[in-house]
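Peer 1: What follows is the residue order along each chain.
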Amino acid sequence: MTEKTFMAGFGGQGIISLGQLWVYCAIKEGKQVTFFPFYGAEKRGGIARASVIVSDDEITSPLVTSADSVVVMNQDSVEIAEKLCKEGGVILVNSSLVKQDPARPDARIIHVPCNDIAIQLGDVRIANMVMMGALSKVTGAVKLDKLEAILKTFFPASKHNLIALNIAAVEGGKNAV
Amino acid sequence: MAEEIRLMKGNEAIGEAAIRAGCRAYFGYPITPQNELTAYMARHMIAKGRTFIQAESEVAAINMVYGAAATGARAMTSSSSPGISLKQEGISYLCGADLPAVVVNVARSGPGLGGISPSQGDYFQSTRGGGHGDYYTIVLAPKSVQEAADLTYEAFSLSEKYRVPVLVLADGLIGQMMEGVVLPEPIDPATLPRKPYAVGHAQEMGRDYNHVSSINLVPDELEAKNRERFQRYEVIKKELCRYEEIEVEDADIVFVAYGTSARVSHGALMMARERGLKVGLFRPITLWPFPYARIAELAAQGKRFLSVEMSMGQMVEDVRLAVNGKSEVYFYGRCGGNIPSQEEVFAEVARLLGK
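Going down the list, the sequences are from chains A and B. Following our numbering, the numbering of the first sequence begins with 48 at its first residue and continues without gaps. Following our numbering, the numbering of the second sequence begins with -14 at its first residue and continues without gaps.
Simulated from the structure, these hints should not be mistaken for lab results. Glycine included, C-beta positions come from ideal geometry on N, C-alpha and C. One should not assume that every hint holds.
Okay, the calculated bits of chain B under chain A, using three or more residues with CB under 8 Å as the criterion [said to hold, decoys possible]: (1) 156 to 167; (2) 221 to 229.
Cross-link-like lysine-lysine pairs, in silico, DSS-like; alpha carbons within 30 Å at most [stated by the list, open to error]: (3) B:K340 to A:K133; (4) A:K146 to A:K75; (5) A:K133 to B:K263; (6) B:K33 to A:K75; (7) B:K33 to A:K206; (8) B:K33 to A:K199; (9) B:K340 to A:K130; (10) A:K221 to A:K184.
Given only the sequences and the hints, what does the whole structure look like? Please build it.
Peer 2: Structure (structure tokens):
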């Protein structure tokens, strides 16, 4: 099994963290992974994108150019999703911010109100984790069952109080799809 | 004990591998896309009580490497294309003085300041010496984070074994990408043997003072020195040529590609095989010495070659030298920081096969 995911949003939405945690979990689940980010020089507001692959076999090209799944976190990323999603692929759309769906009738488009769910849970910054939960449920590529232990190493000790919130966000995303 | 798999950026894995290889001294100057490597060394070399210096320029950094190498220490510098150009004079001096050193190039697009995206436009510079004078350096080209770590680790011992600098030629994708990596066993630099050619410790070791220099104003002596070095190059060519072959045996067309473009070509190979096209991949791991002999063998079997590069066509010249007119050699390249997609590489090979 190989799942090629393209993740797109704007800087500050946690696209890079989302991709890193996704492959971190996949490694702990015994998979091969590649994660290749590219982002603007801006601290916030520029483009943030990542090619992310998890596989049971050796990964060839680390560039995702024909994605099994695409994560679209903002309206500006719809165009790249239309371009990169493979025939009959899955596009997960952050419907809190994306009001116009990708024009890809062949693709399975799944709406996840990431920001709304995150705000309900108490912090809009965990919208990326909501999306990760949805991505896990829809693709089945990464189970995320080792996420809690990973977050303990991912976050510094001073942020460990946020782990429960992040887990809740992932669950919220799973339940939303 | 088996090390666990860690998730690391290529740049960081190169840094950690160098530290584990017993690198005693690192000298660098920041440049994208290799900054995480310098940053990693700043944090971890100092923590281990080893030498880290952010030099005032690339030229200073390579000359600091020369100094450290002359004392027998395992020394390293890293940069990206424009910075590597600045280091060429120092690399030439290292070669002239027969000093080992490791130089890492996380290459970006050029010429000039170019861009910060991945490129393989430094192939000529890397494999033809790069600086002035008659010399080569060993050039190792990793295709993954794991191989970047393994080859950097090995670069130090190869460099000492043959007394030539080793260049690790990665690119911005290998440096920036995260993959799983199992790191090699750490070596304590204090346990490494003293170098007989190194300066210092003459009285203690009961020998004459060593003088490390690349200068020699007597033509016959300098010629003899150069000839001795080229005999060593012949040994390296015999012992070190490394490559990987994937599904080459029954292939009609063989991709020749290294580093990132080898990964992309492997993806194109799988697309081709799914459609019944007989396509193989030949991946040089050592770019110098280049595996001419094996490519010549494959050419004699009638195989055709498609060199896939992130350049306007550089390694393809070595492929043509190896093939020597016995078969067809084609080229497909992207440049300017663009990475070819496996779809476009597949389309090119399908076109060549008339499918």
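Peer 1: With reference to the structure, classify each hint as holding or not holding.
Peer 2: These are the hints, each one checked on the structure:
1. With a cut-off of 8 Å between beta carbons, the stretch 156 to 167 of chain B has 6 residues touching chain A; three or more are needed, and the interface restraint holds.
2. Check on the stretch 221 to 229 of chain B: 0 of its residues sit with their Cβ under 8 Å from a Cβ of chain A, so the three-residue criterion for coverage is violated.
3. Restraint check for B:K340 and A:K133: the C-alpha separation of about 22 Å stays at or below 30 Å, so the hint holds.
4. Among the hinted pairs, A:K146 with A:K75 is inconsistent with the structure: their alpha-carbon atoms are about 36 Å apart, more than 30 Å.
5. For the hint pairing A:K133 with B:K263, the CA-to-CA distance comes to about 25 Å; that is within 30 Å, so the pair holds.
6. About 29 Å separates the Cα atoms of B:K33 and A:K75, which keeps this hinted pair within 30 Å; it holds.
7. Proximity of B:K33 to A:K206 is assessed by CA-CA distance (about 28 Å); at most 30 Å being required, the pair is judged to hold.
8. Restraint check for B:K33 and A:K199: satisfied, since their Cα atoms lie roughly 25 Å apart, inside the 30 Å limit.
9. Among the hinted pairs, B:K340 with A:K130 is consistent with the structure: their alpha-carbon atoms are about 25 Å apart, no more than 30 Å.
10. As the CA atoms of A:K221 and A:K184 are separated by approximately 6 Å, the hinted pair is consistent with the 30 Å bound.
Going down the numbered hints, you'll see the structure goes against 2, 4, while the others check out.
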